[in-house]
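A.B. asks: Residues per chain, in single letters:
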Amino acid sequence: MSNARTAASQDLSSCHICLKLVNSELHHCPRCGSAMHKRKSDSLQRTLALLVTSTILYIPANILPIMYTDQLSNSAGSTIMGGVVLLIKLGSIPIAAIIFIASVLVPSAKLMMMYYLCWTVARGNLGSERQRTVLYRVTEFIGKWSMIDVFVVAILVALVHLSGILVFRPGVAALAFAGVVIVTMIAAESFDPRLMWDNLEEETEDE
Amino acid sequence: MTQAASFQADADTNSLSDAVAGSTDRARIACPSCDLLFDVTDLPDGATANCSRCGNFLTTNKSDAFERVTSACIAALVMLAVACAFPFMQFSRAGLENTMTLPQTVMELWNNNMPWLAIIVASFILIIPAVVTICMLVLSITLTRNHSPSWLRQLGSTVFHLQNWSMVEVFFVGVLVSLVKIAKMATIVLGTSFWAYAAFTVLFTLAVTNLDKFQSWQKIEALAAE
Ligand SMILES: [Zn+2]
Ligand SMILES: [Zn+2]
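Chains as they are written, first to last, in our numbering: chain A, 1 to 207; chain B, 208 to 433.
By construction, these hints were calculated from the structure, which means they are not laboratory data. Treat each hint with caution, since some may be false.
Stated by the list, open to error - Reference listing, derived: stretches of chain B covered by chain A, where coverage requires no fewer than 3 residues with Cβ under 8 angstroms from a Cβ of chain A:
1) 234–242
2) 258–270
3) 291–301
4) 318–324
5) 357–366
6) 378–388
7) 411–424
Said to hold, decoys possible - The calculated DSS-like cross-link candidates involving lysine-lysine, where the alpha carbons are at most 30 angstroms apart (straight line), are:
8) 269(B) x 144(A)
9) 391(B) x 89(A)
10) 89(A) x 388(B)
11) 144(A) x 388(B)
12) 144(A) x 40(A)
13) 89(A) x 144(A)
14) 144(A) x 420(B)
15) 391(B) x 144(A)
16) 269(B) x 420(B)
17) 40(A) x 420(B)
Stated by the list, open to error - Partial selection, computed: residues in chain A whose CB lies under 8 angstroms from chain B:
18) 133
19) 175
20) 193
Because the structure is a prediction, the values reported are computed rather than measured. Beta carbons: idealized from backbone N, C-alpha and C, even for Gly.
Working from the sequences, and respecting the hints, build out all of it.
C.D. replies: The structure is reproduced here in structure tokens:
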């Protein structure tokens, strides 16, 4: 670990579009033409701002109805948690578990993990770098799986429209929820995992 | 798809100083997660390199990768066209029935006064996957034929940026979940389009995993220099 050499220690930057190693003084990548930064610019502030935005969107996504079911003359809205409870009552435990994990557990866990990673970087990198990098890669991987419930709404709305008997309509929460997924995905993209390793370099250089 | 031969990327100081000295002809990569430098010039055919410090995937070297991407993309585009043209699922209850096509999942959201949601869903399940597949196809053909048109750089950036925003596999799980949700309410018949989209999901994933970001850019750069 002590003889580890990073690109930054060699005055090189890795282009985040094409992985080209270029001199840190250059402003544009000579290979793909994108703007160059040693680390993603204002990574921490940008990530935090996006995290706060998606946390705010997360509230209407959960308390407003994600889908309306019009049966005969009744119209009933169901929230994400309401849908999970209904599935449990119907006896579809595995599907209830998938929806609960994808729509409730994953987005909230992802938000909390991203807040935690930002906090550890801001506090001078607490904890194991390797473990936190794994944690970051998990948040990157699971992000888009939260869209399952939105897609389920889209499919049911398109498939079932027997006028007067059974009709599904989309609710506002579906849009808010899609917003949560998109904004947290952008947050994960703007977070720079290399920040977690940078203090390690400074420590070894000081020795 | 794990490779039999594993390659330990070399991160010790000596081999790296060599790498720094001959900076132009050595293929070097910095780990995207922890910034550690690796020399991957001598990566054997079929081998995969991972970061020795944080374990992140670095690159994989397959000599026939671009040909594989080309054939997977062509097959994927055919499947996507079929998936859009035929019925996806049929729902029937008490003598009444509804047939749904893939474009309808988008149109119905639009008709229900949710244009933004319609655009988001259309982008994730149809538009971005189609654009990425077409771009990957053009890129792999161009690289196989050793051509270097001026727009190749732009094409490369588009492919590797948009890839993360395709949600074909997520949509497919959504389809399975909705099937179970309404299975008790009515009779569901799966259409041609359902199977075509399933095949598209597999072929698209195959193309994405075979198109290595680092190797593609090395080749783009080598061709531009000629
Ligand atoms: Zn670049
Ligand atoms: Zn690494």
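A.B. asks: Are at least 3 residues of the region 357–366 of chain B within less than 8 angstroms of chain A when you compare beta carbons?
C.D. replies: With 4 residues closer than 8 angstroms to chain A, the region 357–366 of chain B meets the three-residue bar; holds.
A.B. asks: Do at least three Cβ atoms from the region 234–242 of chain B come closer than 8 angstroms to Cβ atoms of chain A?
C.D. replies: With 7 residues in contact (Cβ-Cβ under 8 angstroms with chain A), the coverage given for the region 234–242 of chain B holds.
A.B. asks: Regarding the hint that residue 175(A) lies at the interface with chain B, is the smallest CB-CB distance below 8 angstroms?
C.D. replies: 5 angstroms, holds
A.B. asks: Taking 8 angstroms as the Cβ threshold, is the statement that the region 378–388 of chain B is covered by chain A upheld or broken by the three-residue rule?
C.D. replies: holds (count 8)
A.B. asks: For the pair supplied as a hint, residue 144(A) and residue 388(B), is the alpha-carbon distance within the 30 angstroms limit?
C.D. replies: Satisfied, since the Cα-Cα distance of roughly 21 angstroms is no more than 30 angstroms.
A.B. asks: For the pair supplied as a hint, residue 89(A) and residue 388(B), is the alpha-carbon distance within the 30 angstroms limit?
C.D. replies: 12 angstroms, holds
A.B. asks: Taking 30 angstroms as the top limit, are the C-alpha atoms of residue 269(B) and residue 420(B) close enough?
C.D. replies: Answer holds: residue 269(B) to residue 420(B) is near 12 angstroms, not above 30 angstroms.
A.B. asks: Are three or more residues of the region 318–324 of chain B within 8 angstroms, CB to CB, of chain A?
C.D. replies: This one holds; 4 residues, not fewer than the three required, reach chain A with a Cβ under 8 angstroms.
A.B. asks: Assess, step by step, whether the Cα of residue 144(A) is no farther than 30 angstroms from the Cα of residue 40(A), and give holds or violated.
C.D. replies: 22 angstroms, holds
A.B. asks: Within a Cα-Cα threshold of 30 angstroms, do residue 89(A) and residue 144(A) meet the stated pairing?
C.D. replies: Measuring from Cα to Cα gives roughly 28 angstroms; hence the hint holds.
A.B. asks: If you draw a straight line from the CA of residue 269(B) to the CA of residue 144(A), is it 30 angstroms or shorter?
C.D. replies: The hint holds at about 28 angstroms.
A.B. asks: If you take the shortest Cβ to Cβ gap from residue 133(A) to chain B, is it below 8 angstroms?
C.D. replies: Where the cut-off is 8 angstroms and the nearest Cβ of chain B is about 4 angstroms from residue 133(A), the hint holds.
Violated hints for the displayed structure: none, as all numbered hints are satisfied.
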